[in-house]
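According to the numbering used here, the sequence shown is numbered sequentially starting from 89.
Be aware that one or more of the hints could be misleading.
Pairwise CB distance ranges, derived in the manner of DEER restraints [claimed, not checked]:
# : residue 1 : residue 2 : range
1 : ALA213    : VAL300    : 31 to 37 angstroms
2 : GLY266    : LEU197    : 29 to 35 angstroms
3 : PRO299    : ARG262    : 17 to 23 angstroms
4 : ASP350    : VAL326    : 30 to 36 angstroms
Think of the hints as simulated: they come from the structure by calculation, not from any bench. All C-beta atoms, glycine included, are put in the ideal place defined by N, C-alpha and C.
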Amino acid sequence: MGSERRERMRALGMRLRELRTEAGLTGAVLAQRAHVGQPTVSKVENGRMVPSLDVLDRLSRALGLDESTAHEVRGLLAAVATAADADQPEDGAAPAGAAVDDEVRSARLVRSFQCVVLPAMLQSAEYARHVFESARDATPESVGRAVAARVERQSVLYEPGRESVFVLTEAVLRTWPGTPALMLAQLDRLLAVESLSTVRLGVIPWRRPVPVLPRHGFTLCDRRAVVVETFSTERVSVDSAEVASYEETFGRFERAAVFGGDVRELLLQVMKEFRDLGDTLTP
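Could you put together the complete structure from these sequences and hints?
Right under this line is the structure:
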């Protein structure tokens, strides 16, 4: 990260802290009013996180900022983005995936459907590395940064007050990069995450017909935005009609999925098959 970007992040954080102090709010109260995690407020104020525009607007509303001051802090965020563009190396843009990560970290309710690739918030570091390396113009440096950021942002899964619902087709569990050993570690992570009180993990087994043929994955962030994922890009939509349409589609997939003990049984069965596959591939 360039020094100019760090300075601009600090400037944004200091200004938000000043405004919070002037409003007589603690970080915890501000987080509650803005419907974001308290760690988010702390990291932004300390210049260790760049908030999405949506998060900044939430904070501004929670602080009761007038139009002029809200425009000021938006300008500080734009300055951070400008510095980030200047810091970006010419030999490779950041891999796809940042849009999902940025939107998810600011949401209290996340619902993600995937039909080929595991949801971003459930990926192990090695699985995520394969995802990012498949992006056009990816470089070792950009992939490393993206993997580190993704793993760090997965901490939101453990925050009280958040709810995450993931629905996968069984094909996701059987579409694998790398080696069987990588997938065994990844499936073990899914078993651990499934046990969290803040997470619901569902799978549509191959023996059940899908309610609608899936064409791509998507992630709903609260009821305000949907991130639509294609082979090479991500598109964030806040159009209320489009978000409602994806909510209805997610509900259909969710009703077709199995959860709880059925999912654990399925994961263990797929793990056994990967172990057997690994034995056949070992010289």
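| task | Hint by hint, work out which the structure violates, then give me just those numbers in ascending order. | result | none
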